[in-house]
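*Asks:* Residue numbers (our numbering), protein chains in the order written: chain A, 202 to 675; chain B, 102 to 378.
Calculated directly from the structure, the hints in this document are not laboratory data. We put the beta carbon where it would ideally sit given N, CA and C, even for glycine. Check each hint, because a few of them may be wrong.
Said to hold, decoys possible - Distance ranges between label pairs, derived from CB positions:
(1) K128/B / P641/A: 36 to 44 Å
(2) C623/A / E160/B: 20 to 28 Å
(3) R629/A / L324/B: 22 to 30 Å
(4) K215/A / G293/B: 22 to 30 Å
(5) K218/B / Y211/A: 29 to 37 Å
(6) A204/A / Q220/B: 39 to 47 Å
Listed below are the residues making up each chain.
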Amino acid sequence: MQANKPENFYQNVKDALAQPDLKMIIRRTTDKAEAKRAEAIANFPGFENARKQGQKVKDHTIKYMDHYLAEFEKNALAQGTIIHWASTAEEASKIVLDICRQHEAKKVTRSKSMLGEEIGLSHALDNSGIERVETDLAEHIIQLAGDPPSHIVWPAMHRSREDVIKLFREYHKDPTYSEEIIDLVRSARRDLRTKFLTADIGISGSNFLLADSGSSCTVTNEGNAELTITPPKVHIVTAGIEKLVPSMAHAVPLLRLLTRSATGGEITQYITFHNGPKRQNDADGPEECHIVLVDNGRTKMLADGMEEMLRCIRCGACMNHCVVYKHIGGHAYGSVYPGPMGSVLTPHLNSLEVANKQTHACTLNGRCEEVCPVNIPLPKLLRSLRAQSWDKKYEPLTNRFVVKAFAALAKRPKLFQLVSSCGVIFMRLCSRQGWIKSMPLAGGWTRNRDLIEPESKTFMQQYKAMKKAKSDGA
Amino acid sequence: MSQEIINADVKGAKSNTIKCLNISEKKVGLFVTCLVNTMRPSVGFASLKLLEEAGCTVEVPEQQSCCGQPAFNSGDDEGTRQIAYQTIKQFENFDYVVVPSGSCAAMIKKNFIEVFKDQPEWLARAQHLADITHELLSFLVDVCEFESSGIELEGSYTYHDSCSGYRALHVYEQPRKMLANVKGLEHNPLNGHSECCGFGGTFCVKYSDISNEIVAEKAENILATEADYLLGGDMGCLMNMAGKLNREGHKEIKALHTAEVLAGLAPQILGDENASK
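Excised from the complex, chain B in its bound form:
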């Protein structure tokens, strides 16, 4: 699906008028994340499109896997190091590393250094990678000073601030600022917008029933906004909330990654979803 999207023009949309810093000569490495890679490739292509529109030269190293959160959060420090070694090697030579997920970006920015406390050489390399790594939406706004325009989407959205992005990386204004430029799209604020959705990585399967109680409450708050779209910046949380809404039979609200909307891919994705019904 996503190749076609990338190759085609967006129907009825003008291309972006771009205002951005002169960072075109800077090389950006896109860390796709394993959830985007397997579950939602269109988020990866949306990221690619947005970064290029923002003037970046983007490369996607093919030798990438996972940020290591499942191992790190389970307490497996050695497993985390093994994963981190190759992520560092793959990405340390870029000028910037960009990740379309707050929690994976936070893992690289904040947590890699914790497992290399006793290895000074790797600690320095992990710190360097931490310094150049950014979450996608904050990178576009804060570093690229990117302002998209010409994107249209009719309807209203509500926004869930994923915990890692919000608390560890302070991503809050950036997605809202960019979404304000999407024509036809209105914001219905979410009650408890920054309260955990109950995903928590391995938590949601380990403590599935507690997670279920948490996401059920989140779903109620989402439905109360009467928004057409549920947006966020993390696939894990989006899959959790969307999965609960669908289980409860609420098909009226569609979950999308913010990058998909900003890249103008929403109409195609929604079209595809409707087609599969």
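The shape of chain A in the complex, shown without the other chains:
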């Protein structure tokens, strides 16, 4: 499956809605995620406090970003880690490729990293002829299928079990002929195990970067990050600079929020803090460790007043609870980051010109903000991006015209009332048996639903007549 482009959003949506099973497949995951999250939050009386605490930790770190970045670099260097700075996606993936070339790497293992996707690392590795092995089960599935991810936590959620059975039978050396999940997992494990042990370089992302120790934290359920990082001689971390927190103590409240918001679990199977290359007496671990710190639009978000978005810990709760995401799925957004958080991030990672339509594909119902573990005001941020699109005239001309005409009327109440009463007459002309089935200029509405017939006079006309009748009577 080719990756969709963000600028083709209208067509992407059309394609998504035309897929008969997509909604059902998405629902299998999001309904479960919603229910499990709700249960986890209900069993966590300290949720609201943790949320405030988590927000505070993030806000503080973002506010003193330069200080903590310097501290992180100093402490990571002291551990023997090599630090790289990348201001763009291209720079970041070039740094990783250069390290691979320097070590003449033929095979790399990767644990799931949205930042890796953001900087286009998969393609960069594939294009340079290095064998790329995705070790996260879902990433493994979409690598076999050739799909881009459709969710930031469950990147293969758009694939059904039937799809997975087919893919594994086709690509695994020693595939299972059972359809049981456990057997499918074993099949993937057989396929991946030898690759883990023969990779030249392991590449991971990071859930948190701890400034006071220079360490990086990974959170997984499969243990694949540990197996990606430990056996190869070289370990490369790619991480966005917003992953910073001051210390482990500050990462803990965020971890509690992250696991509950993402999967409804109190904790994941594996949470590991990686502290640079192998020391003299260590039994195992990489001999060389690199951390690539990536900006790619993040400092610009700070400058543009979008710093609240930098709180995001990538739990995916906003998309699991988004009515639009649930119907169109992740691919339609045409970005590595779909759903509400993606619609805010993509304009900064890409450009608002190509990704402004997504900011309008939202009813501003507020559910995403309600479930966000770090209180990101997503609807407010989406609205402010709409205001930027408006100022830059990215809105289609017809939309601009309609909104401007409406605003011009609404600021003149007398005229507005007059036009309203004409509108009532017009609508009643189009109406049959209490309902309007179709009406000029209302195709957007009547294509899918009927419009109720208005009463014969506007409220204001009736109200004035009533007042007049009263005063005449008196």
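Keeping the supplied structure of chain A fixed, place chain B upon it in accordance with the hints.
*Replies:* Relative to the frame of chain A, chain B by itself:
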């Protein structure tokens, strides 16, 4: 239609026994909203009736238009300001401003201030208007401590909590509490009661097909309740859901604004609807 309703007694219904705070000397400005003004005036008259029964002195400024959501949600801040200027001027001198819509009330309460960040004088006036503005059903219960009685309606209702009212203004208990006093009316709770219906203002025409998928699912949930009435506090959402139900041929369930039921106007409205068939 609505004048007659207001002028006549409700057949078979006793008038309300009112318990309310001493707010009669407080002046209430009713912001009718453009959807009620053009599409469903009876909601405006129901609001008027309920507020008066709750002891308020109500005025409806004739120089009113729209809260500005279409402009604000499209990102047209200047257009929003132009609309907000006159709304502020029209309504700032009331003691309370009441709106029979959660989303329009939330627009005035929460969003006006966002477009006046660089204009301190207007920011203060917008903040004042925000402070005195209330959504109708929450105003009746929380401020007026109004308890209606004597209203009867046979059947069952299901309730859709519109997003702005529910999330921005925390309207949830108030309509249910008042509807519990309507004799003969039972509540069949709606699965996904607070999930968006897909209206979203300009969203429903801009992304009509996504909106359609969302409202189709909502309609299924509504039908599953087997209720006779679909109630809510926002005309936009009600028109969306009712329009979808009608398109799908489900005429067995009637959509009404909660205020219409509480004011005892339901029998007339339903009678009118049946008469037009």
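*Asks:* A range of 22 to 30 Å was offered for this pair. Does it hold for the Cβ distance of K215/A and G293/B?
*Replies:* Roughly 26 Å apart at Cβ, these two residues keep to the hinted range, so it holds.
*Asks:* Check the following: the C-beta atoms of K128/B and P641/A are separated by a distance inside 36 to 44 Å.
*Replies:* Because 42 Å falls inside the window, the suggested range holds.
*Asks:* Honestly, do K218/B and Y211/A meet the 29 to 37 Å range at C-beta?
*Replies:* With a Cβ separation near 32 Å, K218/B and Y211/A satisfy 29 to 37 Å, so the hint holds.
*Asks:* Cβ-Cβ distance between C623/A and E160/B: within 20 to 28 Å?
*Replies:* holds (26 Å)
*Asks:* Taking the Cβ atom of R629/A and the Cβ atom of L324/B, is their distance within the range 22 to 30 Å?
*Replies:* holds (29 Å)
*Asks:* Has the hinted range 39 to 47 Å been met by the Cβ atoms of A204/A and Q220/B?
*Replies:* holds (44 Å)
Comparing the model with each numbered hint stated earlier shows that all of them hold.
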